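2 protein chains.
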Amino acid sequence: MASLRFNDVYLKDWFTIAGPLESNSRLKKLDIAMDDYYYGEKTFELAEVKMQKNVIQKLLDRNKLVQSDINLLVGGDLLDQIAATNYASLNYPISLLGLYSACATFPEILIVGSMFLKDANIKRVVGVTSSHNLSAERQFRYPIEYGTPKPHTSTFTTTAAISTLLSKEVGKIKIESATIGKVSEMGIKDANNLGAAMAPAAARTLYEHLRDLKRDVDYYDLILTGDLGCIGANIFKHFCELNYNLKVRKYVDAGCELYLKSQDVYAGGSGPACLPLVLFNKIIATGKYKKILIIGTGALHSKTFVNQKNPIPTIAHAVSLEVI
Amino acid sequence: MASLRFNDVYLKDWFTIAGPLESNSRLKKLDIAMDDYYYGEKTFELAEVKMQKNVIQKLLDRNKLVQSDINLLVGGDLLDQIAATNYASLNYPISLLGLYSACATFPEILIVGSMFLKDANIKRVVGVTSSHNLSAERQFRYPIEYGTPKPHTSTFTTTAAISTLLSKEVGKIKIESATIGKVSEMGIKDANNLGAAMAPAAARTLYEHLRDLKRDVDYYDLILTGDLGCIGANIFKHFCELNYNLKVRKYVDAGCELYLKSQDVYAGGSGPACLPLVLFNKIIATGKYKKILIIGTGALHSKTFVNQKNPIPTIAHAVSLEVI
Numbered sequence: 165m166a167s168l169r170f171n172d173v174y175l176k177d178w179f180t181i182a183g184p185l186e187s188n189s190r191l192k193k194l195d196i197a198m199d200d201y202y203y204g205e206k207t208f209e210l211a212e213v214k215m216q217k218n219v220i221q222k223l224l225d226r227n228k229l230v231q232s233d234i235n236l237l238v239g240g241d242l243l244d245q246i247a248a249t250n251y252a253s254l255n256y257p258i259s260l261l262g263l264y265s266a267c268a269t270f271p272e273i274l275i276v277g278s279m280f281l282k283d284a285n286i287k288r289v290v291g292v293t294s295s296h297n298l299s300a301e302r303q304f305r306y307p308i309e310y311g312t313p314k315p316h317t318s319t320f321t322t323t324a325a326i327s328t329l330l331s332k333e334v335g336k337i338k339i340e341s342a343t344i345g346k347v348s349e350m351g352i353k354d355a356n357n358l359g360a361a362m363a364p365a366a367a368r369t370l371y372e373h374l375r376d377l378k379r380d381v382d383y384y385d386l387i388l389t390g391d392l393g394c395i396g397a398n399i400f401k402h403f404c405e406l407n408y409n410l411k412v413r414k415y416v417d418a419g420c421e422l423y424l425k426s427q428d429v430y431a432g433g434s435g436p437a438c439l440p441l442v443l444f445n446k447i448i449a450t451g452k453y454k455k456i457l458i459i460g461t462g463a464l465h466s467k468t469f470v471n472q473k474n475p476i477p478t479i480a481h482a483v484s485l486e487v488i
Numbered sequence: 165m166a167s168l169r170f171n172d173v174y175l176k177d178w179f180t181i182a183g184p185l186e187s188n189s190r191l192k193k194l195d196i197a198m199d200d201y202y203y204g205e206k207t208f209e210l211a212e213v214k215m216q217k218n219v220i221q222k223l224l225d226r227n228k229l230v231q232s233d234i235n236l237l238v239g240g241d242l243l244d245q246i247a248a249t250n251y252a253s254l255n256y257p258i259s260l261l262g263l264y265s266a267c268a269t270f271p272e273i274l275i276v277g278s279m280f281l282k283d284a285n286i287k288r289v290v291g292v293t294s295s296h297n298l299s300a301e302r303q304f305r306y307p308i309e310y311g312t313p314k315p316h317t318s319t320f321t322t323t324a325a326i327s328t329l330l331s332k333e334v335g336k337i338k339i340e341s342a343t344i345g346k347v348s349e350m351g352i353k354d355a356n357n358l359g360a361a362m363a364p365a366a367a368r369t370l371y372e373h374l375r376d377l378k379r380d381v382d383y384y385d386l387i388l389t390g391d392l393g394c395i396g397a398n399i400f401k402h403f404c405e406l407n408y409n410l411k412v413r414k415y416v417d418a419g420c421e422l423y424l425k426s427q428d429v430y431a432g433g434s435g436p437a438c439l440p441l442v443l444f445n446k447i448i449a450t451g452k453y454k455k456i457l458i459i460g461t462g463a464l465h466s467k468t469f470v471n472q473k474n475p476i477p478t479i480a481h482a483v484s485l486e487v488i
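If you read the sequences in order, they're chains A and B.
All letters in the first sequence, in the order written, are residues 165 to 488 by the numbering used here.
All letters in the second sequence, in the order written, are residues 165 to 488 by the numbering used here.
Simulated from the structure, these hints should not be mistaken for lab results.
Every value quoted in this text rests on a predicted model; they were computed, and no experiment measured them.
Honestly, I wouldn't trust all of these hints.
[What the hints assert, rightly or not] With the C-beta cut set under 8 Å, the calculated list includes, among others, these residues of chain B facing chain A:
(1) Q221
(2) L243
(3) P257
(4) M279
(5) F280
(6) I344
(7) L386
(8) F469
[What the hints assert, rightly or not] As a list, the in silico DSS-like pairs of lysine-lysine whose alpha-carbon atoms are at most 27 Å apart:
(9) A/K338 x B/K287
(10) A/K282 x B/K206
(11) B/K206 x A/K353
(12) A/K282 x B/K332
Note that beta-carbon positions come from the ideal geometry of N, C-alpha and C, so glycine has one too.
Turn these sequences into a full structure, and let the hints steer you where they fit.
Structure, rendered in structure tokens:
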């Protein structure tokens with residue numbers, strides 16, 4: 165397992181745009197709330213591109229930065245060929261590293277961004293990720309049978325885009341260490357039960373992170389997975405105890421924390437945007453937690469491989485954050 | 165533009181598997197030649213997974229390494245959700261960073277792998293990439309009209325997988341410096357003319373690389389783009405001269421160098437595997453070149469965005485290699 169420690173890497177600021185459902189959910193604070201899923205564009209996909217484009221620009225504006233102040237863009241999303249990131253980057257003549265790790269993309273961005281800040285020439289990195297419920301539905305679940313209810317284990321792709329400003333200058337949150345996950349599967353082939361598929365990957369990454377960093381599970385004020393959903397979160401806790409003898413007490417899952425019960429989104433939220441949205445707009449916003457371990461979980465299948473009856477490969481990346 | 169210099173990062177070894185057409189092309193030397201497109205599997209996609217899996221294992225075996233000697237896997241491919249890499253990684257309990265940069269994925273792997281070798285805990289990185297003509301055809305061009313010829317500007321996705329062993333120990337090739345590309349487009353919306361779409365991105369990255377590193381174009385014994393194809397390669401040369409006053413003389417394109425004229429593959433080869441396949445099995449194999457600049461070019465569109473009539477975003481990453 166590759167666990168890394170970082171020196172003097174900070175999350176200076178972030179900017180979030182959230183969809184209509186997310187804006188009326190359990191979030192404490194939002195930078196921009198979208199009125200509808202089109203966001204003034206002709207297609208859901210172009211709406212997602214505009215969301216990414218805008219979170220980057222607003223982040224630069226708020227920090228009085230211009231494009232040339234940023235040395236590197238690191239981004240990824242859920243669309244085939246990470247197209248939302250690629251099209252949004254057209255607006256920014258900044259070197260781009262495109263990543264894909266499904267819903268574990270946000271911690272992967274923090275890890276890669278932090279590592280590139282070790283280079284003397286890289287002073288500021290902007291990370292960007294997004295998901296859009298209806299571009300994801302079109303891609304992964306179209307054609308959708310008319311009137312068919314989803315199983316209660318399925319999750320709801322979050323509509324949001326999040327940008328982050330990583331820098332060597334002291335900022336709001338220190339990126340302290342990280343553990344890069346390994347790919348595994350436990351035989352689950354049901355793309356409507358991704359929480360169960362990903363829970364073992366999250367448990368293993370937590371175990372290896374604590375082992376590598378020589379830490380007890382209570383070292384952290386909060387462990388935040390994203391996104392196992394409410395069902396996957398319970399499996400995760402049981403799996404930690406049974407397999408690794410880890411009692412995970414101070415723990416929530418971003419997918420389970422985002423929506424109201426009345427919003428009826430099955431087992432909770434998912435998508436690469438869900439974890440950072442809940443992290444910034446709910447967890448950090450409370451001001452209660454200092455040491456937070458985020459564990460992003462990704463289901464790494466594709467439609468073609470699932471249609472060919474293959475199991476779902478999963479991964480989980482962990483990043484230790486210290487609120488300054 | 166982010167240009168980086170690396171110290172003591174080496175390509176110690178590599179391993180290549182190539183498809184039936186590629187094995188009978190202009191390559192000098194191959195590790196494994198496939199007899200057919202299935203490679204003993206039931207689907208083209210599973211064949212591609214097996215190709216990646218095997219190039220990793222054969223590379224470890226030849227270097228007398230076991231899985232635990234490798235600290236990090238860095239990989240990507242052309243399939244939606246980089247599924248070939250994700251499924252191949254199931255066989256290797258090694259931390260994985262998944263990347264996507266279309267046919268520029270190979271240099272992105274070298275750049276990210278080299279940067280992570282700056283960490284004291286990361287001693288060896290394995291990079292892996294692949295493409296498979298028929299899994300790519302199924303994904304990007306299905307349904308294919310019966311009996312319809314392709315335009316002469318279209319390229320042919322190469323079937324191959326390549327693994328690379330990156331290490332701090334002195335090896336066959338030094339990874340000397342790199343320039344991470346920016347996303348741009350010039351209005352081209354034709355997914356059958358990607359060479360023309362990508363040529364300006366390659367020219368810009370070359371220009372900015374030479375500017376940042378304070379080098380003349382003749383500093384390099386060879387500039388190898390991959391993959392503009394024969395038509396895109398000519399546009400690249402003209403674009404360099406007209407826009408940047410750069411006379412690119414010692415230059416070939418991997419897509420244009422791979423196949424025989426009799427193999428009738430339109431404008432040449434493409435796919436993330438094409439550049440490293442030609443680099444290792446043709447260019448390096450001659451023993452003629454010491455300083456080589458590879459410029460990987462990627463077309464970053466998706467089917468959905470092309471169907472919605474959007475232009476094709478492109479990128480190019482450059483890596484300077486020194487044969488020891």
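Here is how each hint holds up against the structure:
At about 15 Å, the closest approach between the beta carbon of B/Q221 and any beta carbon in chain A exceeds 8 Å, and the interface hint on this residue is violated. Interface hint at B/L243: satisfied, since its Cβ lies 6 Å from the closest Cβ of chain A, which is below the 8 Å cut-off. Nearest Cβ of chain A to the Cβ of B/P257: about 5 Å, under the 8 Å cut. The hint holds. Residue-level restraint check for B/M279 holds (minimum Cβ-Cβ distance to chain A is 6 Å; threshold 8 Å).
For B/F280, the shortest C-beta to C-beta distance to chain A is roughly 6 Å, which falls under 8 Å, so the interface hint holds. The interface hint given for B/I344 is met, as the beta carbon of that residue sits about 4 Å from the closest beta carbon of chain A, less than 8 Å. For B/L386, the interface hint is violated, since its Cβ never comes within 8 Å of a Cβ in chain A; the closest pair sits about 24 Å apart. For the restraint placing B/F469 at the interface with chain A, the shortest Cβ-Cβ distance is roughly 5 Å, inside the 8 Å limit, so the hint holds.
For the given pair, A/K338 sits about 26 Å from B/K287 by alpha-carbon distance, which is consistent with the 27 Å threshold. In summary, the hint linking A/K282 to B/K206 is not supported, as the alpha carbons are separated by about 45 Å, beyond the 27 Å threshold. As the CA atoms of B/K206 and A/K353 are separated by approximately 18 Å, the hinted pair is consistent with the 27 Å bound. Straight-line distance between C-alpha atoms of A/K282 and B/K332 comes to about 17 Å, which keeps the hinted pair within the 27 Å bound.
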